[in-house]
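Visitor: Residue numbers (this note's numbering), protein chains in the order written: chain V, 28 to 379; chain E, 28 to 379; chain F, 28 to 379; chain Z, 28 to 379.
For the record, the hints were derived by calculation from the structure and aren't laboratory data. Just so you know, not all the hints are guaranteed correct.
It does not matter which identical chain is meant; a pair holds if it fits inside one copy or across any two.
[What the hints assert, rightly or not] Keeping only pairs whose Cα atoms sit at most 27 Å apart, straight-line, the calculated DSS-like set for lysine-lysine is:
no.	residue 1	residue 2
1	313	255
2	265	189
3	167	313
4	313	265
5	255	163
6	265	255
7	111	163
8	313	374
9	265	167
There are 4 protein chains.
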Amino acid sequence: MQRPINVGVVGCGYWGPNLIRNLRSLPDCRVATICDVSNERLSHLTRLYPEVAAVTDFAQIARDQDIDAVAIATPVHTHFELAKQALQMGKHVIVEKPMAASAAQCRELIRIASQRRLTLMVGHTFIYSATVRAIKDIVKSGELGEIFYIGSQRLNLGLIQKDINVVWDLAPHDISIILYLLSQDPVAVNCQGKAHIRAGIEDVTNLSLDFGNGAIALVQSSWLDPNKIRRMTIVGSKRMIVYDDNEPLEKIKIYDKRVEAPPHYDTYAEFHYSYHYGDMRAPYVKQVEPLKVQCDHFLDCIRSGTVPETGGMEGLRVVEILEAASRSLQAGGGRVELDEFSTERAKLSALA
Amino acid sequence: MQRPINVGVVGCGYWGPNLIRNLRSLPDCRVATICDVSNERLSHLTRLYPEVAAVTDFAQIARDQDIDAVAIATPVHTHFELAKQALQMGKHVIVEKPMAASAAQCRELIRIASQRRLTLMVGHTFIYSATVRAIKDIVKSGELGEIFYIGSQRLNLGLIQKDINVVWDLAPHDISIILYLLSQDPVAVNCQGKAHIRAGIEDVTNLSLDFGNGAIALVQSSWLDPNKIRRMTIVGSKRMIVYDDNEPLEKIKIYDKRVEAPPHYDTYAEFHYSYHYGDMRAPYVKQVEPLKVQCDHFLDCIRSGTVPETGGMEGLRVVEILEAASRSLQAGGGRVELDEFSTERAKLSALA
Amino acid sequence: MQRPINVGVVGCGYWGPNLIRNLRSLPDCRVATICDVSNERLSHLTRLYPEVAAVTDFAQIARDQDIDAVAIATPVHTHFELAKQALQMGKHVIVEKPMAASAAQCRELIRIASQRRLTLMVGHTFIYSATVRAIKDIVKSGELGEIFYIGSQRLNLGLIQKDINVVWDLAPHDISIILYLLSQDPVAVNCQGKAHIRAGIEDVTNLSLDFGNGAIALVQSSWLDPNKIRRMTIVGSKRMIVYDDNEPLEKIKIYDKRVEAPPHYDTYAEFHYSYHYGDMRAPYVKQVEPLKVQCDHFLDCIRSGTVPETGGMEGLRVVEILEAASRSLQAGGGRVELDEFSTERAKLSALA
Amino acid sequence: MQRPINVGVVGCGYWGPNLIRNLRSLPDCRVATICDVSNERLSHLTRLYPEVAAVTDFAQIARDQDIDAVAIATPVHTHFELAKQALQMGKHVIVEKPMAASAAQCRELIRIASQRRLTLMVGHTFIYSATVRAIKDIVKSGELGEIFYIGSQRLNLGLIQKDINVVWDLAPHDISIILYLLSQDPVAVNCQGKAHIRAGIEDVTNLSLDFGNGAIALVQSSWLDPNKIRRMTIVGSKRMIVYDDNEPLEKIKIYDKRVEAPPHYDTYAEFHYSYHYGDMRAPYVKQVEPLKVQCDHFLDCIRSGTVPETGGMEGLRVVEILEAASRSLQAGGGRVELDEFSTERAKLSALA
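In isolation and in its complexed conformation, chain V is listed as follows (with noise of 0.2 Å):
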């Protein structure tokens, strides 16, 4: 492809910046449009960068036959709608996290994706960082041995959103990190939490994702915490890798602790678990923005019609997890299976 991909981003509030900030600064790439509801948000941007242009309504980028691509960085129960637009006008397409406010949602931009053959991408950001790839390969290398348990907190005081719950807000980046490190989906969801500062939107919550026979995972999302904590435990049965994302430079540290059953053992006889005490080695891990990597890859996607790592189904398999998980709260936390959801997509995989 010889002319640059034409971008238009739509949604200019907190994250929007950062999309155009990148696209922009990447090789044969064009922020061509930005659109906003927020007239105040289209100035401040356009002060920065003259040379884009900006509009309120939406339907000026999808008809627009220069642009190639929309990038969606709006609230969630925007995305589908504006989403499937911009995928039945022909342009390749990549959507903030979650993916859109339900499964049939997903499900439906994934076929309309997959009829045009178009890229449709999720922006589950941490996927394309460095640091997780980093224990990406360390989990595949066995090292840690067989995984049994992932911990994960992503705390803080606010931003308390208005249309979905803070699983739906921050579980997003937990749960992609988790599907990807252990390359397999949960059983079962439990989800407890609680709405305090706004009725009917959960503030608090537990989260925890049964994998069968093998991990489980255990994922606390808050938006009420004095400190913002970012910190997932890995506990494999040869290692154990904790790993704090505030930290600036040793994110990454790996244990090399264990705790050892007896192999064989008469029940009734007394025995010694054996416990493992050793180093703690924090690997060098250069970083790169995982968003710049995230647009490179998009722009990479498109061009060779490659499938993105986190592509439509990537998406999917997290809303469904949410889905389950609000199913979950209403229920008083009681355990939801997601064999109804695997079905579901093993018919779309089967389409595409």
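Here the structure of chain V is known, so what remains is to put chains E, F and Z in place on it, guided by the hints.
Guide: Chains E, F and Z alone, transformed into the frame defined by chain V:
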């Protein structure tokens, strides 16, 4: 009372020696006899404290007329039988947490102690910690506003128990602190978890306590974490506390931070939350060994006949929650209401 | 002044681009021309800011009648010549720290600027940091009591300079902050250090500033430390502050701790110090980019003719201490009195 | 030796009880008598250890023929007289650090012990710490390359001494560790400091040790710091270590970081340093109480007649540096060469 109180200590494994050391150091208290199934443990302790008698058969303590009180630091499944024997022989009892293996057992011990007017106390040591008491004072003062949420993590590598899972082993600390701070009982419990090292013994769990219209508490317990973590976050409508028991000095940090929703608003209109970021303060708290305060309180209660701060009823409340957690674990993590327990507890209170 | 102030920026290496970005963002200021010896650096910056002219010869800036002010961010040994030329051509000057390679050079620049009534400012950026200003307010309020001691560590791996040692490179920050906090000049200086990587260029140093009857300040500087450390401890007779610039939020911690000697005592008798341990408080300080405040202040001083907070005299004071430190280093770390400098400075002040 | 070694302990203040507890716990050792000027201290200790005799007059220990060895934990100005008496009465001696109030006193004690073939040991406890030994092994292995620099901070609030300043009180730990790690003596010393709380007793000091062509060590000591800091950084040409004794588990962190100058370059040409950033590793080190190891070593040396790892000569080396530091402090912090000391030491070694 002129004569020193003579105490027998049963269980000389991990915790018993701490009880012996503290009881021995108190004026007007004498550790008369210690009991354990292991002769090795007994001889180790009599080398340190030659004046103490050592027996392997608890009956020798139970029938010793010179012994006024018994401290029980044995595995949980033995608590009920040992405490019952001691009470029936007219001895005051302090038993390690959790009080017994079921709420029914706790209720029976409470009944016996009540009939015989004996002191029955449970070793919820954290209630005697200067730090927890300082937090209680802050909560009571109203400085935090309404309590929204308490999150607690008690994680470490080992020591894996053989007769109880990690909720029964570690969460009694968190539960007793949470009940103490909130002066309120939860209405329902959820618990998810998984057993990795030993079949049927969960080593990682996620417990949530729903306090009705009020707070939610989330308690994570793990025997499989590379780091020892003892952290509790108490989020109020006005201020927030982080209590990190691993910090040598600044165990309590009070954050003048909060989120405020506008008092009245039209759901369809735009509105904004206000975020308040203020000072952090770490109050100086003079530390005393909590177990020493606990032992002293036990002796005081025996002498004065007053009800301990962590008496049978407090021990029962914790076991009720543990029992409900076990039911939830078996039922896929679903919600288990606690009303049946409160009915039973009301009858018991009427009796006392 | 109606017309925006036109600024030329010379030096587009590590720091220059930050000056350009901040100056450009200020209303009523225009970055007209940038200058560097490297065409590569210039073309990188003109890609980002197409409206800016780029030159490799400083004379083009110096003789450009439309340029009102010059910002100098070049290696230290060039500061004097560039600043002198700019001042002689009637331009206001802001020069990076340290102001020049010797106190004599600083004095000459002050004289020229004074004669021509031009603004001469030095980029001691930390004086414009909200954190340092908050500490200054605390010190001024008397809350700390008498200041006994300031200890400062500024350590990291690299960036090793080729024309100056680590005291000249890193310690200007600490020295400018210390002078600002104490509002006092030291009477003598000691400095020890060693050159490991490049002969004659000390990469690790220990600087001590004696403030006569008052405080002592100890400044450690290193290019050879595995961790980036920016920590200053300010010990007063009543309270103590730790200022850790690496902390994202709680940069200032005020400790209500002190040692008290008994007011009167007989030297031969027994006496006891009293140790006070009280609360710690981390005041909330809203952060603004200090360089932006600094650039804004430079423009204000130009417009209003007021003397900058970090004007030539402040720059000179820092260079005097650096020069004395160099002499001490060469003389085996012995004490170098600063009275000769203060005599010279008094003459200069008389002139101004 | 069949009979247990009988030890007398003199000084039952802060440190003495630790000696008593450890000596008592060792097989084949008996704490026969303890001595202090305070009857209160003595009665406190005999309550804990009823089998020990207590005296207020050291002569009773010195002339007790059943006592084989004396442990001295009294104020520094009394070390010489007590140790001398004990040695002259044929007793082995372990004396707390610093060994004595002057190098001359140390030399005399070494001479007496040598003539009478008695064990003379100094309580440089850190040399018996598993952590320091692990660092020594790393240094010896060459993993760090050439040692460039050791920086050490030993800071806290109090306990202010009345007879010695903070260098004499705290720096012996750092100095003994540095000498042990480098296996080398410094050629010169500088020391700056200030007395704030008590006239003439410096409470904050900055000590630098010049190791000739090799390393430089910078030791900061303070009784006036809000936090307890025990941190040592060891910078080598290949790797760097941070040793933080306050860390409960990861006391040693090894950084695979370094700066490299190009091997050959033309001074006038451009050249670039290369910065290597690699992994960090925290080796697991099993902790044992260092004082226990030290006491055990003292008994071993007595039994076998071998020279202690921290014998009189090691104690002397530390006191030489302290004496030089005092001279430097009095001479305005200037350089004090140590060659006079090494001449004296050579004579002494010849004698031994």
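Visitor: Are the hints correct? Go through all of them and say.
Guide: To see whether the hints hold, each was checked on the structure:
no. : hint      : in the structure
1   : 313 x 255 : both (23 Å within a copy, 17 Å between copies)
2   : 265 x 189 : between (43 Å within a copy, 21 Å between copies)
3   : 167 x 313 : within (19 Å within a copy, 31 Å between copies)
4   : 313 x 265 : both (26 Å within a copy, 20 Å between copies)
5   : 255 x 163 : both (24 Å within a copy, 25 Å between copies)
6   : 265 x 255 : between (30 Å within a copy, 18 Å between copies)
7   : 111 x 163 : neither (32 Å within a copy, 54 Å between copies)
8   : 313 x 374 : neither (40 Å within a copy, 53 Å between copies)
9   : 265 x 167 : within (13 Å within a copy, 31 Å between copies)
Hints 7, 8 from the earlier list are contradicted by this structure; the remaining hints agree with it.
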